[in-house]
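K.L.:
For reference, the chains in residue letters:
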Amino acid sequence: MVFSSLIFIFRFMPIFFLLYYLLPFKWKNTVLFFGSLIFYAWGEPRYCILVLASILVNFFLAKGIDRSEDGGSVRLFLFILAVIYNIGMLVVFKYTGFIMENINAIFKLNLPVPEIPLPLGISFYTFQILSYIIDVYRYECFAEKSILGLGTYLIMFPQLVAGPIVIYGRVADALRRRRLSLRGLENGLKTFTLGLASKVILANNLGNIWNACGEAGYSNISTPFAWLGSLSYTLQLYFDFNGYSLMAVGLGEMLGFRFPLNFKYPYIARSVTDFWRRWHITLTSWFRKYVYIPLGGNRCSLGRTLINMLVVWLITGLWHGAAWNFIIWGLAYFVILVFERIFLKELLSHLQVISRIYTMLIVMCGWVLFAAPSLGDALVYFSRMFTWHGGQDFQEYLHSYWPLLLAGCFFSTPILSRLYHRHHRSIPVLVALFVLFWASIVMLVDSVYNPFLYFRF
Amino acid sequence: MGKCPFFISLLVSILLVCFYGLSLTAGVLPKAKSPADAVMNDSNMVIAQAVRDIKTRVDMAINGDEEMDYSSEGGPKEYVPKEDLAARMANAQLEAESIRNTDEDHKLFEETPEEAPTDIYDSGEEEDSEEEESEEDENSQAAALPAGYIGKTELPEGDTSALGSYDGFYTVEDSYFTGGDTVFIGDSRQKGFGIYSGIPNIVLYAKEGYAAHQAFTKKFIDSPLGKLTLEEAMAAEPGRFKKIYIKFGLNEIGGSAEAFKNAYYRLIDMLKYYQPDAVIYIQSIIHVTKIKSQGSTVFNNDNINSRNEAVKEVADREHVCFLDLNSVFTNEEGCLPADYASDGIHIKAQYMQPWIDFLRTHAVLAPSDYKRVLQPESAENAVDSSANEGDSEQNDEVSEEDNSEEAKEEAQPEETAPETPQQTVPPTPAPVPATQAPAGQGTAQNGTNVIETDWETGGGIY
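Top line first, the protein sequences correspond to chains A and B. No gaps in the numbering here: position 325 of the first sequence is 308 in our numbering, and each next residue is one more. No gaps in the numbering here: position 152 of the second sequence is 1040 in our numbering, and each next residue is one more.
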């Protein structure tokens, strides 16, 4: 099930929230757990077992880690076992095909490449449970005492399939005791509506331009169309992913949880370093906390710091997808971030406008690499972007989509958000939100096309 | 309202819409008749139906659209014009021209895109051999063929294209399409063709998600009068087009075949009314790739094949050309080859050439072409019997189909005039009475009638 579907908004949500609000507190986690299970099973019932197994295994391993003596080998053994189990599952279900293909290519073998469909949200919940295991091992939190509590944390439906990646410590208290308020319900619903509109009105429609590039075949589009397509994908991805995160945050608030925000206007960043502090914040902070800093972070020699960065960006690329273009995408960001760390940062901080243009150019090219079906396709696309190919194919799209593109650029900036936060209880804003909600519903009714981009991961 | 005004107002509105939807399904309230209802598959959710119903009512209130029901009546009918836009359009165009008299902005292709090689229309091997083959019999007829026509086309095996009321398929030069009088109407795949075929100076009225029933309601065509529906665009420039290529069917494939056919009939009747000189070509729905077909319960090749039967039936009953694009876009498995489309549906730009070649080898002689070719005297002198001989061979298949179809239909002109051979059904639609003709078309209309006379008597030459 996805948030922006009629079945979620008009079937799941009313029934679920009615039960959730009416039942006494000791039942709330049960409702949330089974509700989330239904939510997850709706699209992919067979992988339910995988999530449930993950809950069971990690619950007992964490308990074991918690009870075993400090510094003992049992503790370390259980910890390593848990890490291997979680990462192993992720590798098996996400990377088997990729690994086999590469083994075949390198050794000129012809081993069968298994086609394993990716379990929904596995990249996200694996990282959440890893953070739990590591935190328990590092004494940053206690092991959860009730299996229902841990289960609820892991498969809570707002963040189950596409983040934000919530660290256990952040919601540990709320799992045991949380306050439901009408204000939370109201504000959560408002945030949900914003996310819904961002996804349905902006992202879905902007996606048409990028899709048109693909339909024509990258090798046939004109240079202006290539840039237009890249811009539209850049905006689409942001409104899609941010929309989803906003909906998750809103739903969390309605449930009585406070989830972290995932985006902080990434497209106004003044350097690529800055961009990655604003884009998918929960993922980058996860990598910083559980990979970069344990490796030594930047508090060691420059060479060592660079190696740490390389490791982080290699994994970041791989996390986004099992294909070479994601790895290259991660490595490209590594190279750029190294340049920025060494000398560009100083330069950029003096240039107000150029720094923003520079960042957006890199980000747009990055998304091409990210979105192209293969590395070869991405190279073809770049060749259309950076060598001149004339053509009128873009006019049609520019003509019909310019209002949407302008709106997209406008809403990528925080111009309106300050106004919103100051006046979000005033009547005009309420009316606007009301209109946005129903406009989104009308578009949903009209369209059959409604995929989430980040479901690929 | 107090603490959560948004929540409460949203809840109340949702309950109201639900209640509205329930009373619709219970039959307490009448449903708004929308063309989409009959053609599209409705979600079974009460609220979705209610939202769609409300939206239809709002649309109708704003646009003043007439109610249309495609579910019952069937078959070609006489088109009832809605509004005359021609004069307004002419005025608007004059104004626009006086402002910037060099710019012809509303035409999509003014110059050949840089990418398109100049020899794009160079005939492939297939056509070369064709030309050689037909050269002998062409020598006698070559003079008779209008400019731009190369020769007759023999349909390859497996090509189920049907001629409608025309005498035969011809191979044409690129100039056939580039006269500014060719329009392509259809869905996103037709749009892709319009953009990437590289044919200059064609008119493209195609849009993503466009379906036949939307021809009268969806405003998307830019004009000096604002956004127009297809119907309005045709009414605004009556008689402008000489060749109309249509391609519909994939977007509405989830709906009922009956409603689809009725929407198509209505569309073609409308086109015939406003563009009486035009040759109308209906293109089949192109298959999707095997992967796409297997992965969808709706957009699969079985559905496309059965829907193509409906397309063909429409073409037969309307006496217009049916072009079987799948004869070039299908592999031995009955699917679009996988590398032809990155998404399984939309044909990549580099594979437009087979489509162009197909259209080039599947052109027919328009009534206006006869006028250019035939001398009035020879037309008068031509003997009926020779017309019979000449046509019957080429037209065997068609006349058979016509026979069976026409048997079902009510009074056709042939019955009242038995000496006229069946296969010389006028290529143009039944002449529109001068009183009904769109303004500014009176003279052109007379011209058409003259051409028809030429055609009926002089058909034997071809």
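If you are wondering where the hints come from, they were derived from the structure by calculation, not from laboratory data. It is possible that part of the hints are untrue.
[Said to hold, decoys possible] List of simulated lysine to aspartate or glutamate pairs, EDC-like, C-alpha gap at most 20 Å: (1) B/K1107 / A/E52; (2) B/K1130 / B/D1231; (3) B/K1107 / A/D429; (4) B/K943 / A/D429; (5) B/K1180 / B/D1245; (6) B/K1180 / A/E379; (7) B/K1040 / B/D1055; (8) B/K1180 / B/D1157; (9) A/K128 / A/D257; (10) B/K1236 / A/D118; (11) B/K1106 / A/E379; (12) B/K1236 / A/E323; (13) B/K1236 / B/D1055; (14) B/K1040 / B/D1190; (15) B/K919 / A/E98; (16) A/K128 / A/E27; (17) B/K1178 / B/D1245; (18) B/K1178 / A/D49; (19) B/K1200 / B/D1055; (20) B/K1115 / A/D118; (21) A/K46 / A/E98; (22) B/K1106 / A/E98.
[What the hints assert, rightly or not] Estimated spans, in silico, between C-beta atoms of each pair: (23) A/I32 / B/Q1241: 47 to 57 Å; (24) B/D1231 / A/V57: 49 to 59 Å; (25) A/I89 / B/E1220: 47 to 57 Å; (26) A/S383 / B/D1231: 40 to 50 Å; (27) A/Y403 / B/G890: 29 to 39 Å; (28) A/I32 / B/T913: 13 to 23 Å.
For clarity, every value in this text was computed on a predicted model and none was experimentally measured. For each residue, glycine too, the CB sits at the ideal point set by N, CA and C.
K.L.:
Against each hint, give a clear statement of whether it holds in the structure.
P.N.:
Results for each hint:
Restraint check: the Cα-Cα separation between B/K1107 and A/E52 comes to about 74 Å, which exceeds 20 Å; the hinted pair is violated. A distance of roughly 34 Å separates the Cα atoms of B/K1130 and B/D1231; the hinted pair therefore is violated under the 20 Å criterion. Between B/K1107 and A/D429 the alpha-carbon distance is near 16 Å, which keeps this suggested pair within the 20 Å criterion. Among the hinted pairs, B/K943 with A/D429 is consistent with the structure: their alpha-carbon atoms are about 10 Å apart, no more than 20 Å.
For the hint pairing B/K1180 with B/D1245, the CA-to-CA distance comes to about 26 Å; that exceeds 20 Å, so the pair is violated. Using a Cα cut-off of 20 Å, the hinted pair B/K1180 and A/E379 is violated, with the two alpha carbons roughly 27 Å apart. Between B/K1040 and B/D1055 the CA atoms are separated by roughly 10 Å; this keeps the pair inside 20 Å, and the hint holds. This hinted pair does not check out: B/K1180 and B/D1157 have alpha carbons roughly 34 Å apart, beyond 20 Å.
For the given pair, A/K128 sits about 39 Å from A/D257 by alpha-carbon distance, which is inconsistent with the 20 Å threshold. For the proposed pair B/K1236 and A/D118, the alpha carbon gap of about 51 Å is over 20 Å, so the pair is violated. For a cut-off of 20 Å, the pair hint linking B/K1106 to A/E379 stands: about 17 Å separates their Cα positions. About 40 Å separates the Cα atoms of B/K1236 and A/E323, which puts this hinted pair outside 20 Å; it is violated.
Distance hint between B/K1236 and B/D1055 is unfulfilled; the C-alpha atoms sit about 33 Å from each other, more than 20 Å. Between B/K1040 and B/D1190, the direct Cα distance comes to roughly 33 Å. Violation of the 20 Å bound is thereby established for this hinted pair. Between B/K919 and A/E98 the CA atoms are separated by roughly 47 Å; this puts the pair beyond 20 Å, and the hint is violated. Taking the CA atoms of A/K128 and A/E27, the gap is near 29 Å; set against the 20 Å cutoff, the hint is violated.
Restraint check for B/K1178 and B/D1245: the C-alpha separation of about 24 Å exceeds 20 Å, so the hint is violated. Taking the CA atoms of B/K1178 and A/D49, the gap is near 54 Å; set against the 20 Å cutoff, the hint is violated. For a cut-off of 20 Å, the pair hint linking B/K1200 to B/D1055 stands: about 18 Å separates their Cα positions. For the suggested pair B/K1115 and A/D118, the alpha carbons sit about 60 Å apart, so the restraint of at most 20 Å is broken.
The suggested pairing of A/K46 with A/E98 is violated, with an alpha-carbon distance near 35 Å, which exceeds 20 Å. For the hint linking B/K1106 to A/E98, the alpha-carbon distance of about 43 Å lies beyond 20 Å, and the restraint is violated. As the Cβ distance of A/I32 to B/Q1241 is approximately 51 Å, the hint placing it in 47 to 57 Å holds. The hinted range of 49 to 59 Å is satisfied by B/D1231 and A/V57, whose Cβ atoms lie roughly 53 Å apart.
For A/I89 and B/E1220, the Cβ-Cβ distance of about 35 Å falls outside the hinted range of 47 to 57 Å, so the restraint is violated. Checked against the given bound of 40 to 50 Å, the beta carbons of A/S383 and B/D1231, roughly 20 Å apart, lie outside it. The hinted window of 29 to 39 Å between A/Y403 and B/G890 is violated, with their beta carbons roughly 21 Å apart. As the Cβ distance of A/I32 to B/T913 is approximately 38 Å, the hint placing it in 13 to 23 Å is violated.
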